[in-house]
Structures are given as structure tokens and as C-alpha cells.
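Student: Take a look at the letters that make up each chain.
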Amino acid sequence: MRGWKARIGIAGKKRRPVPNSQATANSGPDGGEHGENHDHPSYLRHHFHSVEQQADAANFAMWIFLATEAMFFGGLFTAYLVYRNWYFPAFVAGSHQLNVIWGTLNTVVLILSSFTMAMGVWCAETGRRRGLVLCLSLTFVLGIGFLGIKGIEYREKIEKHHFPGLQYNLSSFLDPQSDPDVFKQYHDKPLSLDMARHTEIYFSLYFAMTGMHALHMIVGIGVLGFMIFRARAGAYTSGHVTFVENFGLYWHFVDIVWIYLFALLYLISRH
Amino acid sequence: MSEPSEHAHPIVGPGVYLVILFALLVGTALTVWASFVDLGFWNPIIALAIATTKAALVLLYFMHLKYSSKLTMLAIAGCAFLFLTLISLTLAEYISRAWGNW
Amino acid sequence: MSHISPVLWQFLVKWMTSFPLFPPEASKIAPEMDALFFFMVLVSLIGLTIVVLLVIGFSILYNKKRHPVAVQIEGSMLLEATWTIIPLGLFLVMFVWGARIYLRVFTPPANSMNIYVVGKQWMWKAEHPGGQHEINALHVPTGRPVQLTLISQDVFHSFSIPAFRVKREAIPGRYTTVWFEATTPGTYHFFCTQYCGKDHSKMGGDVVVQTPEDYRKWLASSISGASLAQNGERLFASLSCAACHNARPDARGPNLANVYGARLKLSNGETVTADEAYLRQAILNPSQHITEGYAPIMPTYQGQISEEGIIALIEFIKSLDSGYRIQQTLNTTDLLPESEGKMPPAAPAHAAKSNASQGMVKP
Amino acid sequence: MSTNTIVSLPDQSTATLPKDNYLNREYGLLSWLLTKDHKRIAILYMVSLSFFFAIGGAMAGLIRLELLTPQSSLMSSDTYNKVFTMHGVIMIFLFLVPSVPATLGNFFIPMMIGAKDLALPRINLLSWYLYVLGGILVLYTMISGGVDTGWTFTTPLSTHYVNTNVISTCMAVFIAGFSSIFTGLNFLVTIHKMRAPGMTWFRLPLFVWAHYAASVQMVLATPVVAIAITLLMLERTVGIGIFDPTKGGDPLLFQHLFWFYSHPAVYIMILPGMGVISEVISTFSRKRVFGYKAVAFSSVAIAVFGFFVWAHHMFIMGISNYAVLVFSLLSMLVAVPSAIKVFNWSFTLYKGSITFEAPMLYAFGFLGLFTIGGMSGVFLGTAGTDIHLTETYFIVAHFHFVMVGGMLMAFLAGIHFWWPKMTGRMYPAKLSQMAAVVTFIGFNLTFFPQFILGMLGMPRRYASYPPEFQALNVLSTAGASILGIGYLLSVLYLLWSLKYGEVAGDNPWQATGLEWQCQSPPLTENFTEMPIMDHEAYDYAWLESKNRDSRKEEAPSAE
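Residue numbers (the working numbering), protein chains in the order written: chain A, 1 to 271; chain B, 1 to 102; chain C, 1 to 363; chain D, 1 to 559.
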């Protein structure tokens, strides 16, 4: 390792060239676009050269993780589209069972929470501690709200025995009059038995997709709670905002998934 | 000293966020309204188009993709491409089954 | 050593005596597939030889003793292009060749005689149009294209006849077809090649390929009661299908005569050919298969008819098709013996037709 | 002189291991279980991997023993089904997928690109714990009665027709899947963000390129099987009917989702192995890999095309014939990059200065066996021949040639290649070369007869078979025993070398990778100073001059 210390070569594309081997030899070398060896902030992990590098890495890692998540939902979307294409009438009838009001409300709630989250990131980046706590708390509340509304919707379905499984009930598809509130809105024609049976697949996918999404929300809310706690102590407003930013990415991703779920489940099959 | 260096992109301010929020809400209203009008074949297309626009807004501004590195954009593009491959190739197989043997 | 010696002994005996290295070619497709197979083997061998020669040759020429100092070489665009384009070309040849064979194996000729094969854990049940049933066995004549219409009652199975080089998955809830034309009489194995649970390895039997005469004898000797079409007709009556599917002008269901093989216009706009698969779907999921101009009133028979029952019904509906009947007559007249004790040649078809027409006249 | 002797005879100054290295920086169990050092995590992986490989190998032994006789004499077909299912699940999800990436990749990627560690050490440790959790679940499944669906979990068999522990197995696969997602994620971030100054993309060792390609697939394909498995579990517990034909679901959809991962998975398994081969062949022919860029890009090409061929596992399963043609064509395309690689490796030897240490022998074995395996893959990608060959022993032979003959050979090549760097000690040369030869012979004897069996039409997953297949099966079993001996041999002398092996020195093979330029075993932070990459990969001239002036400064290579 001695021999080649002498030879300094061309530096990498991304990093600025290291001035000389002495500078690199001592002091875990740092490649900051500004400033030579200033003392490292406490949150700079030992194996990174610089805060940029660390933030970059974390940010990129988060994006890749979101790509993974996207493919995870991709399987569900595929299944949904395949079966919608096969059993269109069943899917129409199924989506008529969903309550667009609640759905829209939920969309608005989630978009608002996304906004507050973005504001939270801004507060963190500009070192506004109280602002950050406020935004995170708002996001937290809105997230809970979303889950609450989802819960109400789920209850409706389960009361109507539209939860797939043993006591799945076809009555509201075989004679739509039997649940008037949906009927007076859409005036569905009754489905034949074989097609009515396929509504179960619609609801399986409905519960699988929204359930998977709700699961992500729950995880997110858990993390939010932890973050609020830390933010009160000013953990994220002293420059180390990576965590907040990455969580923001996660939260917005969950929002995007919902935007598509809303379109696919509630909207596109209404005629 | 190294606070500004933690985030690679310029800080996006509340102004932008407010505009985007507004746009998203309008989009939601629009798509819900559109779903009530019977456009037949076009309903799903419009719904998905609006959804995609909203998603794009969230990506670009809330998630700062607009200010991120080429690399990130590449990653997203690749993922989106594969996502569509999964869906389109599988769907193509299912649809072409109905074409019968030959 | 001593404890494996019996194995060794057995092994040696096998080695000396019977120990095939290549399966028999007993169908028309087999030689074609083997031709492709050997072409690919040849290509692989050439490729392998090249690689091995390169490795060994270079190891000899340029080992450290002979060639102490390596000469650094960056690479060669020309070579890269060579070993990109040549393999690609070969692979494309294989693709086209293989595709042609694939299409042949899975597009049965029009005049092929149809045998239904139902797979269930863990047995194969073959149903001949004449009503002959076989379990884990299949009799086919030489020199006549035979189409197998496969379906599974439970899980995925796969019907494989190595000697014929054909194989097809039997899928729950859907017909799949494969065809072959046996060339050499004999007995060949068939297997279930898709893992299907506990006794997967027991789920096989023998294909008995017979000359047309022997096959005729076999058919005659193993007629068990009614033909598929006749069973189907009974089922048709007992399910009172005739209540709607009667040929009357005010009938609530379409007339089923000549429906098999016809192009149907459906109420949802698309046009389909009424083959076995369609008929099966139309019985189980009627609402997606409403012929244009009829109300979607037919109930589903999902879970009410066994696969055998559906097969019988389909055969009955097919027997209502004059064209198919003639073909069956042709098939059976030269297949069934003219002995008077047995039912007359085209009996299944004719009987079916006559009873059917009655069955359709009176509700 | 030392540039010519490959195994640098340790002179007195380096006769002992360096005082301070990643192995003896701290002691105690916790220092291992809570370590964030990629090298220690790699060792953890290696230990746990070997454990599961041993179990999987034992299963394989049972299978071969059972197949000695046509009847199911050793065990009931029920037991046999469980055994081969366990063999598949363990070997694929707990050995092959993580094998090279999680051990060698984990250990050397940071060192090769001149980083102190992977970008996300804690995620790295987490992925090991997930792996162990998955492994424990598999063990639990085995103890509590096993599972007999086959590793492909074909619906509706796995959802409605077996009553074994499908759920726990699925959980295991799910968790192990996330372990490999995190590994891939970590590699991607590390390779993108942690490269040392001067380490441009085209100076990366091909080992890193291969892992980059594999990581892309790990990250983007694995989640799809995760969701497929999740739906399968829901189907089995709740009965959501998505894969249930009686409810109008389509069992083939599961296979679509499953193979969308499980086909790229074979590239996830083989690509890192290919990376190892590039390193080894270059080192022992003292020569830059022929057509560096071609090899690098072919890795990426495999990763990309690998995503578009999944349905060739379903050619006879009743997917539409049009899809069959499309996927058959795409499968042909994906075969080309592998051919490119093989020829480039062969030509790397041209005008080299070749020596035949154990890693090189394994690499040669890889070349031959992978060529056969790859070509037999074309037989199966071709729609016509696939009809006859699929679901027979031809398939079994094919993927064992690629996975065992290719991947496992590469893994052993890599272990033997980097063993001195990881442990600081050298294994007995002659013995290791012998083991390599034995393994090669045993392997061919085991799996080549299975090609013939497949052509004869012997179906896979059969506990009992018609007697005319016996001769070849006996051959195969005999070969398996030899193969086993080969593996056992290498395990033994590697363990022996841990204590008694001679001290290897920093760069016993005189290889050019950055990982060889620091002491062995390395320091916890890998480098005493930030390395600066000022030369191309595989630049042996640079190595010469470096050795020259290091000798001028006559400094001991480790203080």
C-alpha cells in the first residue's frame, strides 16, 4: 500500500480530486465541494467521505426502495387489469358498491397530508423546529383520518358480506333492488349467477390492494409518531434532514399509489 | 456549515407546494366529475390520464424529482418501464388467448 | 463395497441388456422434432468443441513455462461481432424451425378423431366417442390423426407421450388440445409430467398403438353401454335443457343443431367459433356466451355437472351437427365391426340424432 | 522476482498475520452479531449459507439414493415430494440467490471500488438477519412436517390440494426475498455513490459490473414474487379466489407473477458467478479480460433481456400461442450475451501467461459446464423442442448444469481465489487442484446422464420410474457420491487452512484489484488511506511498477 501512495491519478467524475495523498492519508478524507477539513458533523457516518455523499446515498437508496415498492404493487395492478378485462360486468357492479364520496374525501385527505408532509420537509430544511412538529403532527392526524374513513368503508363492505371468503353474499348483484341506496344511484341490471360470482374476485382485489396500501399507511404513521417525538427534541432541524426527506418520499409514494387505486377501483368502471 | 449541504437539491418553498396542492385538488375534482359523465370508452383513459398527471406533479415537486439527479430520474424511468412491461406483456398474453389458435 | 454390489450387478446387467439411449419415434411429428433436436445438438457440440479447443489450446500454448510474459490485448471489435452475430443467426434459425413444429403440434387437422382425456389426482381417464372408457391407458390406431382434448378436475397435470414427442398441460377449468398421428404399433409409456401431489409418479400408463384392424376389434370388444353422445342426451333430458333448447320458433334458447363448429355472433358483439371449449364455457358461464338475440336467462351449471358429464353433453351437441355426424359415421363405419350383434356402425351418432330430434320436439 | 512467482512465498517479515485486522479488531459473539462491517457480515453469511447448503446437499443425496431403484423403496413418494421440495426451496432461496453476492460480493465490492464499507451497513446487517429468519422458518417447516408443493408453489395445488406447511414456507421465501432486495439495493447505492476517486465506470472490475446487473434484477423482480406469494397465502387462508379456477380465477396468473421473478432469479444467481470467472481468468492468465466492455455490457444486456422471457416456463401450459412465439424469440435473444461472455473469457487466455491454481481449474470447469448448460437452455427456449423436453429430466439437467456446474463452480472458484484475502492463509495447492478435478468429474457423471433421461422422457419429481431408466439413474447417483466427496474435500482443507495454512501475504496471486492492494486479512476500514484509482482495471503493467517501487522502499507490506 506504500508504493502507490506516491502516484496521484486523475480523480473520479463525481468527486473532486483529492489534493494530495497527505491530505487523504490522515483524517478520513472528505470530499465536500466547499471547505477543506472542517470537523465533521456528528451525523456523518464513518464510511462516507462527506455529508453530500451520505445524503446522496440515502436519497438514492430511498428511491430504489420505492421502485421496489412500485413493482410490489405492480403485481396487484396486473391481476386487477387482467380480471377487469375478463369479468367487466362483475367489476362494474362491484365498483358501484364503492362509495365515491368517501373515496373522494379520502383522496383529498391524503393529498392534504402529502402537502403537510412536503411542508414539513421544507421546515426541516430551513430549520423551523416548531413548524416541523406542527406539519408532522398534521400529517399524522390526516393519516389517521384516512385510515378511519377506510375503516368506515370496510365496515360497509363487511356488513354487506362483500368480504371474500366463506359467507360472501351475492344478493346485491343478483337482485340490485335488495340494496336500495346503491340501486337508486345506478339502477344496475341484475347479474346472472355466474357473473355475479366473479364480483368476489373484484372484492378480493379491492381488499388486497387497499389493504396493502393501508398497511403502508400504518407503517408510515408509526414512523411519523417516532419522528414527531424526535423532532420535538430538534433532531431534524440541526442540518440532518435526510431522514425527514426520505420519509417524505415514502409518504408521497403512498399518496401516488392511492391516486391510482382511486382511479382504478372507484372511477373507471362506473358506466 | 453543512446544513445546506445535506440536501442535494435547492429548497422548494411553500409557494410551489401550495400551487401543486391546488392543482392536485382541482385534478381530483375533475376526475370525479369526469367519472360521472358517460364517455364510454374514454372514461378509463381520462381517469388514468388525470391520475398520471397528478402522480407526475407529486413526483416532480413534492418528491423533488424535478431537482434530482439524472440518475434518480433514470431509476424512476427504468422502474416505470418495467412496471408497464409486466402489465402489458401479461395482459397481451391474456388478450391474445381469445384469438383462438390461429 | 459389498452392500452396493447388488446394485452394481443389477446396473451391469441393465447396461449389457436393455438400456435405451434414445426414445422410439412412434408418431409423424417425432422425426421432425428429432431433426431439430439433432441440429441443435450438432450446433451445441460445435460450440462446445470450439470453447474446449480454445481453452485447452491456449492453456498449452500460453502456459507460464512456455510464455512467461503475457501480451496485453484490448479486444477485437471484429471478433466480438463474429460471436455476436453467428450465434444470434443460429438461434434465430432454431426459433423459426421450433416455432413451425410448435404450431404443427398444437393445431390439430380438421379430420382428426377426438378422444377426451380427463386428469384427476392421480389417474388419467380417457373417453372415446364410442363410449369406451380407459383408466391410465389409451388405445389409438395408426395412420389417423388423433386429437386429445384434455382437462383436469383438480390441479395442473400434464399428459406426456415421449415416444410421440408430444406433451400438453391438462388445466382445471379449461380444455387444451394436442394431436398426433401414431405410425408404429406398439406399447409406449405416457406420464403425468406436471407435479400434481402425492402420487404424481404413479400417474401414468401405456399408450397402445394398434393397426386399424386391431383397433377396430378393441373398440368392439370394449364398448361399455352407451356412447358419449347417448349419455349426453340422457343428461340433456335430465337437466331439461330441451325446455329452452328445442328447435321451436318460440324457443327461449338457440337451436343446438349444427351449432358445433359454427361461427356464432354473441350478444356482446364478438364472433366466436363454437368449439368444445366454447360449448363448455357456454354451459358453465352462460352469461358471457349469449348468442345474439337471446335473453341471458340460462342458469350456470358450474359445479352441477362432472367433467365427464360436460364431455358427454358436448359430444351430444356435436352429434346434432350433420357435418360432424357424417364424419363420425365415416370414422366409425370403418372402425366398428359390421357384426349385427353389436350396435350398427354409426349407431351412436344416428341414435343420438333420432332421439335428440324427438327430445327436441316434445318439451 | 515476486511478480513471476504467483504464490508469493512468505518471507520472514510477513510470516505472521497482521496484528490488526477485521477479524481480531474486536472479539466476542456480540462483536459479530452486531457488526456493521461488511466483511464480518459476509463471513456471517458464508457460515449460514454453508449450513443451509449442507442441508440442501443432504436432501439431494436422499433424492439420488431414492432414485437408485425404480420403485420408491427408500422413502414413500410422500416423503420424496417433501424432500425434493425442501431441496429446491433451500438451494434456490437460501443458497444460490444469496451465495456469491451476499458473501463474496458483500466482502469485496466495497474494497474493489475503494470504499470503507457498503453504503448502508445497518441495512446490510438487517438483510442477514432477514435471511436467518427465513432460514429458521424453513427449518421450522422441515421439522413440523415439511411441505410438498415443489419450490414453484404451482396453484391450485399449493392453495387447495395440499395440507402441508405452505404458509410457513411462503413466509420464508417472502422474508428471504426481502433479504436479497436489501442486498441488491445496498450494492446499487454503493456502486453508484461510493466509488473512490478515479474509479470510473470502465475501471470497475467486471465482478462489480456483474453484481450491478444482478442487483438491478434483485431490486425490481423480487417484489413481484413477494406479492404473488402474498396472494397465494391469502388464497390459502381467506380464499380470495384470485388463483382458484372454481371461482373464476386463473391459476396461470400466479405462474406469470411467479416466473416474472423466478426467471430473472436464475440470472441473479448466475451473473455474480460470471463476475467471479472474469476476475479469476484474468488473474491467472496475467491478462486484461478480452473485450472488457463487451463483457460488461453483456452483463447489463442479460439483466435487461432477462426480464422479458419469463413466460418460456409456460409454453405448454395453455398460454396463448402468440405469446409463446414472442417469448420464444426473446429467449433466443437473451442467450446471445452469455455466448459473448464465454468467447471473451476463452480469448482472454490468448497470449496470456497461464497458471493452473485451483481457482483457475474451477473457472475452466465453469466454462465447459456453463457452455453445455447454456446451450441446453436454448433447447428449452425453442418452442418446438420444449414440448418434448420440458418437465423432464432434461430441465433438471439443464438448470443443474447452469446452477451447480456454473454457479457453484464459480462460487468455489471465488472462495479459493479470495480465501487468502479473507483469512490471510493459503490452502494446500495440490489438494485443492485435486478437489477441483474430482468435483468436475463427479458433476458430469451426475448430471450428464440426466440429459439422456430427459430425452427419453423421464419426468422430473418422480419418486418411482419405469425400470428402463434405472441404468442412467444409477450412473447419476454414483456421480453424485463423487461430487459429494469433492465438496467435502474442499470444505475439509479450507477449514484446515484456517489454522495451519501458510500465511498468504497481501497479494498471493499478484492480482490487480484494489482489494489485493491492502493487507490480508484487511483492516476493518479496508484502507489506511483513501485509495485513488489511477489505472485501468486488470492493468498488470501498473502492478509491476507498483511492486518495483514498493521493493525500492523495501517496506513490509503489512506493519
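In short, the hints are calculated from the structure, not lab data.
It is possible that part of the hints are untrue.
Think about it this way: if two alpha-carbon atoms lie no more than 20 angstroms apart in a straight line, the pair counts; the simulated EDC-like pairs of lysine to aspartate or glutamate are [as the list claims (entries may be wrong)]:
| # | chain 1 | residue 1 | chain 2 | residue 2 |
| --- | --- | --- | --- | --- |
| 1 | C | K202 | D | D78 |
| 2 | A | K184 | B | D38 |
| 3 | C | K202 | D | D539 |
| 4 | D | K247 | C | D154 |
| 5 | A | K189 | B | D38 |
| 6 | A | K189 | C | E292 |
| 7 | C | K65 | D | E468 |
| 8 | C | K64 | D | D539 |
Here are some chain A residues the structure puts well away from chain D; computed CB gaps all over 12 angstroms [unchecked claim]:
| # | residue |
| --- | --- |
| 9 | F60 |
| 10 | M62 |
| 11 | T68 |
| 12 | T78 |
| 13 | V92 |
| 14 | G151 |
| 15 | P176 |
| 16 | A235 |
Values in this document were obtained by computation on a predicted structure and should not be read as measured data.
Backbone N, C-alpha and C define an ideal beta-carbon position, used for all residues, glycine too.
Student: Each hint: holds or not?
Tutor: Cross-check of the supplied hints:
1. C:K202 to D:D78: With a Cα-Cα distance of about 12 angstroms, the restraint between K202 (chain C) and D78 (chain D) holds, given a limit of 20 angstroms.
2. A:K184 to B:D38: Holds, because 17 angstroms separates the two Cα atoms, which is no more than 20 angstroms.
3. C:K202 to D:D539: violated (60 angstroms)
4. D:K247 to C:D154: Between K247 (chain D) and D154 (chain C) the Cα gap is close to 13 angstroms, so the pair holds against 20 angstroms.
5. A:K189 to B:D38: holds (17 angstroms)
6. A:K189 to C:E292: holds (18 angstroms)
7. C:K65 to D:E468: It is violated: about 50 angstroms lies between the C-alpha atoms, which goes past 20 angstroms.
8. C:K64 to D:D539: holds (18 angstroms)
9. F60: Violated, since 5 angstroms does not exceed 12 angstroms.
10. M62: Check fails; 10 angstroms does not lie beyond 12 angstroms.
11. T68: Check fails; 5 angstroms does not lie beyond 12 angstroms.
12. T78: violated (7 angstroms)
13. V92: holds (15 angstroms)
14. G151: holds (18 angstroms)
15. P176: Consistent with the label, P176 (chain A) stays out of reach of chain D, its closest Cβ about 20 angstroms off (over 12 angstroms).
16. A235: A235 (chain A) clear of chain D: closest Cβ-Cβ about 17 angstroms, beyond 12 angstroms.
Of the numbered hints listed earlier, those contradicted by the structure are 3, 7, 9, 10, 11, 12.
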